[in-house]
Amino acid sequence: MTKPSVLEIDNLQVSFRTSGGRVAALNGVSFAVGQNEVLAVLGESGSGKSVTAASVMGLIAQPPGSIDGGQIRFGGVNLLALDADDHRRMCGKRVSLIFQDALSALNPVYPVGWQIAEVFAIHGMADRASAVRHAVELMEAVGIPAAAERAGQYPHQFSGGMCQRIMIAMAIALKPELIIADEPTTALDVTIQAQIVELLKETHAQSGASIMLITHDLGLVAEMADRVVVMYAGRVVEDSDVYRFFAEPLHPYAMGLLASQPRIDRGAGALQPIPGAPPNPLALPSGCAFRPPCPRATLRCAEQTPALRKLASGRAVACHFADEQAL
Amino acid sequence: MAPRFQPFGYARIAAFAVVSCLLSCPNLAQAQNVLRVVLQEEPASLDPCDTNHSANSRLLRNNVTETLVNVGAVEAVIEPNLAISWEQTSPTTWRFKLRSGVRFHDGTPFTAAAVAAALQRAQVEALACAIRGSKLGNNPYTTRIVDDLTIDIIGRDPDPIVPFRMAVVDIGAPGATPADRKTQEPVGTGPYKFERWNRGRDVVFTLNDAYWGPKAAIPRVEFAWRGESTVRAAMVTRNEAHLAFGIAPQDATGPLDKTYLNAEVTFIRMDAEIPPLNDIRVRQAANLAIDRDQLIGSVFHKSVTKATQIVLPNVNGASPDLTPWRYDPAAARALLAAARADGVPVNTEIVLYGRLGLYPNSTESLEAIQAMLNAVGFRVRVEMMETSAWLRRLLRPFGSDRPVSMLQSQHDNAQGDAVFSIGPRFRSNGNQAMINDPLVDSLIDLGTRSTGTLRRNAFRLAFEYMEKDIVPYIPLFNMVGTVRVAANVNYTPDVQANNEIKLKTITLR
Amino acid sequence: MAIGPIPVGNAGPLLDVRNLVKHFPGRRRGLFGAPSAIRAVDDVGFTLSRGETLGVVGESGSGKTTLARTLLRLHPATSGQAFFDGEDILTADPAALKRLRRRMQVVFQDPYLAFNPRFTIGETIAEAWRIHFDALPRSQWAKRIGELLEQVGLRADYAGRHPHEFSGGQRQRVGIARALALEPDLVICDEPVSALDVSVQAQVVNLLVDIQKMRKLSLIFVAHDLAVVRHISTRVAVMYLGKIVEIGPTDAVFERANHPYTQALLSAVPVPDPRGREQRRRIVLQGDPPNPASPPSGCRFRTRCWKAQDICAREEPALLDRRGTGTLSRCLFPEAGPTTRLPHGQLTRGQE
Amino acid sequence: MSLTFFLRRLSFSFVALGGLMVLVFVLVRLTGSPVDLFLPLDANDAMRRALAVRLGLEDPIYVQFARWLADISRLDLGMSLWHSRPAADVVFQALPQTLLLGAVVLGLGSLAAIVVGALAAFRPYGAFDRIASAASLMGASIPDFWIGLMGILVFSVSLGWLPTSGYGSPSYWVLPVATLFFRPFGVLVQIVRGAMIAALNAPYIRTARAKGAANRRVIFIHALRNALLPMITVAGDLAVQLAGGVTVIETVFGWPGIGKLMIDAILQRDFAVLQAGILAVAVVIFAINIAIDFAYAAIDPRVRIDK
Amino acid sequence: MTAGIRDVNAFDDLPPVRPAPTLAAMLARDPLAVGACLWLLVVATALLAGQTFLADDAVRINLVARNLAPFQFDANWLNWLGTDSLGRSLVARLSAGAGTALAIAFAAVGASLILGTGLGLVAGYFGGFAGNLILRIADMILGFPTLLLALVVLYIFGPNIFNLIVVLAVTRVPAYIRVTNAEVIEIRERLFVDAARALGAGHARIVFAHILPIVAPTLLTLASLNLAMVMLIEAGLSFLGLGIQPPSISWGLMVAQGRSHLAQAWWLTCMPGLAIMLTTMAFNLIANWYRIAGDPQQRWRLAGSEASK
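Chains as they are written, first to last, in the numbering used here: chain R, 1 to 327; chain Z, 1 to 509; chain F, 1 to 352; chain S, 1 to 307; chain H, 1 to 309.
Same shape as in the complex, but just chain R:
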């Protein structure tokens, strides 16, 4: 990529202790988020996309989690090597996070205005009065009517969509360089989803911050992303710009994903699901994790885990047999 990167994740390895034993959540994840870029991290449940976000924000509880290796470089600094306090001071200020379920992601016992203003207080960016003023301004900016009045209300008095707007206000408060949006629309109704997508787009356009959009929704990726990173079983299997990804996905999993997606603009007709069950993180197959359902799988796939290969086009794929010419 020609654009300089805000965030570079390099061979990140994270595991968790569970009743079934230690489970590797990330098996060496590497990708970068460019400046002013919207990067979609696409994956299904258990693929490790949320763990990646949590690692960046320092939200991996240890124990039961542990970061076993790799680097997360943000602005050239390896966050994992930072002192906890220094890491913390970056969060919310230079990189911020938007959660999936905004209603439960807001503290139920504090007014929403207070919670937005707290961002300023934590980072010592404003005195109390101006922090509150900023909070109201931010609420107006994200489209909450009667913001001054509603700043004193509590999360339970807001709808899910409004809560997500408040989360966004919080995330953009200190004009961060990177916003990580972890399934920002999943818990919302379709019409409200559309509102939030519009808001995110506006926010991106106005602030110029990079957005790392974590989602399982291909529609959302198509709608917003510049580039897409596909994760499967704790690994990146494909890294591609969004147009070429939808036009000609490289990894068999990505192909399967696109084929299994029902589309509103197409009528009845059989879907083509990826066969079999999603990978069990406790019992991953040897070699390529996507080997069992993969139509192209050979003995090599069981013996050798495919590395993420950079292709000439700038795309990258982790499959022994994938290359653009073959398509």
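Just so you know, the hints here were simulated from the structure itself, not pulled from any lab data.
Incorrect hints may appear among the rest.
Pair ranges (Cβ atoms, derived) [said to hold, decoys possible]:
#	chain 1	residue 1	chain 2	residue 2	range
1	S	I72	Z	F398	34 to 40 Å
2	Z	P214	S	G56	45 to 51 Å
3	S	A103	R	A148	39 to 45 Å
4	R	R300	S	I221	52 to 58 Å
Note that the Cβ used here is the ideal one computed from N, Cα and C, for glycine as well.
Keeping the supplied structure of chain R fixed, place chains Z, F, S and H upon it in accordance with the hints.
Just chains Z, F, S and H now, with coordinates in the frame of chain R:
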């Protein structure tokens, strides 16, 4: 979650204030001008007419309020107090000459009118005075004021022992003692003035400078209450108190502990109306089965003496000639065997009712006695109960379908005349009597009507006849009390110490 | 196949729902006031033929799940009728209800919660025969459990496993197997795939379609995912605040929606194709849906509708086919809606 | 908490209180008469009957109850037989000492439990948590009367550091407070710990951390306030149960409180004091419940009156 | 059979069934719970001994051997924990007291468990007026100090073991009602209950096959906690003189009786008090352990660390 967080690093946030400076120990008894007395229980009332409750009379009697006469502590004879002399002027009338120059704490003079008022007040139905019940008998008394310092006390029925009765009537100042309700701030003629009652904590007396007799030595007296004997004893040791009453035998081991005969006699009543206890051999066997020597110094204080009857031998009318039961388990077994041979259901289970806390180690003593009785062939089961339930078993009416029982009891005759003890327990209509013997009844009636030797001998005959030929009780011990006295206090308890703490006799060294 | 087709009774629709109303008690007003009513389902009526699949779509609070649960009589209806093969489900006595339930089954949304965690898969499926003890002799249970599991694409020897050992998709297959155990005529699916990942979702949708075709089942498919509904349904009902605002053949509704709400809903769904996304316009409705305890007068959608006029507040539009397209809708001003077929469509923008 | 809810709760409490009082009134009269206890052993039948008549005990129980109700309506709780004073006076003289003791115990217990519980929850199953959990379990398991006696034995009788018993300067408070402290502390640590673990796993804690909040802020501002809710409920129950624990402790330490008063009233069959005492305890408990409702509303906006 | 069904796939193999850690294995991972079990074993042994061959020693008076100090191991083993003021063996008396303490605790908790669960099921599952009434009465009982309530009631009906059990049971019933009610209300709404209803299951089947088994672990944990609580309350009541009456033997009563010998024979108070505390604690610890062991989410904490992988 950050991995480097140290929980203990934040403990300082919640650092507790050091409070140890507040914890300096009180050392009250070091003060030279205060006597601190710790007792078992707080009085419910400080009214002079409630001095039948020992919790009350220990504070008031002859300290704040005084009586016309006192009963001697050594010999049970009447001694002058607020009255200087008395005589029986008719079978129903007694004339008392009062001491002159005595003033109540409120400044009013002590006169015949005050005596009349106190006696009248004590008999007012609505006040439910505690002394009215037993000590004034069922005989309404009226008064006639002869002059300021002479008063006639007139009974409805002839009463040969009016002076004994007057020894329990404390006289409060008529002006300061409301006639229609109990007072909480007693005003009397005694050597100490009531100062305050801080409920739940203490009662404070101060010296009465205008006392008619020799003044007491200590300017201020404070009373407090603790339920535990151990705690009371420790309070003296720890200089929190000077005098601690009611020290249990096991705590009464130190050089500071003074033991006194306390006029209490403990015994076990047998239900002689129900088999097998209706058979005298069984009752005798029960007496023979008790190893009293074993109990002395273990469960009971080492200074207790074996009782021969239900009152102390020095009480007017008691028998000095009776001897304690011997311990003879073989004889007891033989008696039971004989009774069994005659068809007496000796194996019937006998309930031994006990009252919790009747005296120190009350429960243990019954457990020991149960073991001794069962050892000779009785089948006794102890059942301990609190006072109310125990009273239902003690007092008439008993109920016809009751189980055969023994009942732990204790009696205190501090007034010195056997009539206070004998009627309720031995006469067939007595409220605690389980025997019905015409001879006993007539002896008691004769004694009650008479004075002097006749009275004494009638009662004495009754006691002796009962102990030998009826055996309604298992007499146990003439009890002692123990008071722990601080080293710097001169105090010798006497037989009346359960009802009277004679503060004016106490000095500090 | 061990079990033959269920004999079909009289002709006519399998299910005929008329004026179905379900109110939930809301907050009590004052100390002694009567509680207000939340009109979760309000005057809903439709018919369902044998072998047909009716998709019910709507956003949260639209009453679609309440509708499904009321039809299953998991809670009593406030008023209305729902004739299943001529017998009213809503007033059936316990014996009749038990008989009806044998022919009418359900697949629930959340495959994690829909199973008793203490039962094995086999026990879960066999519970149907335990309750309807005359449905299948006990000696055949084990064999039939194996058949059902294989039918939904699971191995027969999983019968002894517990639900937590399965993935979401596998559990949902078991849910389908359970629903099929009594050979029902109607299966009501309440958001059966919304908790599943896309790749697995497709498996379950295909399975449902296959089984439906094979067994001539009638399906009611309740979902918020319009793409899935389009894929599986022969007819679609769109619900908004307890009412059906539009109902008609699937393609007609998706390609020529009459009701502004349907149009907005369709336009809001992101299309998984980035081509031309910069030019694409969508209807973005403003604000949140109103509180179902106090819905707006007249047309319930008028508060968010860009076409609303004064009359919409006064008059509640009836569910009619105003444009003769075969779709019934509750809008006084129906017009052909935007098509969803072309990703480059020019769409009107909602009120600004 | 809406006004409606509050009023409904109030009316329920009154009904419950009324039921309790009827129950107590009837039941205490089943236990027998105070007459035998009050009068000397030797009192005769006439005197016993006279006292019973004067106390109204000879009347049918509904007459007695009606009389009692009439008295109550004049705020007259009757005369104590033993104290010869209005029962209300007797009770109100004893109540403050108990309330004060309970408040000190519960205050200290809650405070200590919050700190210990919060720190234990920060690293569940870590060393501090294990120690705190074991200590709190032990605290919740100690019989209070026993530890009180042991305290007297060690600190007063043997070491002589503290007064044995009684009511007075701060040193008198140490043993009773310490004795009563263990159980509420033990129970509350468990509650706070559990609630804090739950709160610390809540999504809003991730939000706070993502905002860059420091541990101290996360624990004490974000998690604690949410974790206080279950603690308050349990603390309310503990406050109610403390009334029982205080009874035992007042007996051991000669503390002039209402628990000891009630025991004495029971033993003496002082009906007026017993009834007044139970009424007072019930009213206090009612007040505690109201206070808890308000505390709840103060902490959790979700239960406040909806505008 | 599968004709017509697409995508029956060969890749959905489940991992082999991992044997769930046995209770014993999970117990072994918690040393405190092991200690608790060992202590309860000791208590149980003592209980048996106290009911059999030690029964006579518990009441055998020996005024010569009064107040013997404990831990004199050259003496008769019965006197290793000392003797009381009547020379009775403390070992024997503690064993006899164990029977009383545990019999009362188990009887009271068992009764309240059954009654409370039943009423809680009625209240939670059926609700309505009866359910409401049950809950209100439970609130009323819970809203009053247990000890004071027991005190008054025992005073009125007389302090004996049966009344004690009844009172303790009645005061604990509300806890089970509340917990059962709350859990049932939650479980009643779970989808698998709806699934059963949709299959045509009756109330009995739903309650006994679906709801009760889910509530049971919570109730058992609560019962274990209540065993501890009931023991403490019984001890407190006996201490106040309204529980077990002498000459019956109970730990609380032993503390009360030892109190008058506090200064001379500390062991009379200390030993039974310790017995109460350790037993109470054992129940609490086991409840704590079971809370983890019975919760599939938490169970891993008691599994062998990396060994199982």
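Results of checking the hints against the structure:
no.	hint	in the structure
1	S:I72 x Z:F398: 34 to 40 Å	holds (38 Å)
2	Z:P214 x S:G56: 45 to 51 Å	holds (49 Å)
3	S:A103 x R:A148: 39 to 45 Å	holds (41 Å)
4	R:R300 x S:I221: 52 to 58 Å	holds (55 Å)
Against the hints set out earlier in the document, no violation occurs for any number.
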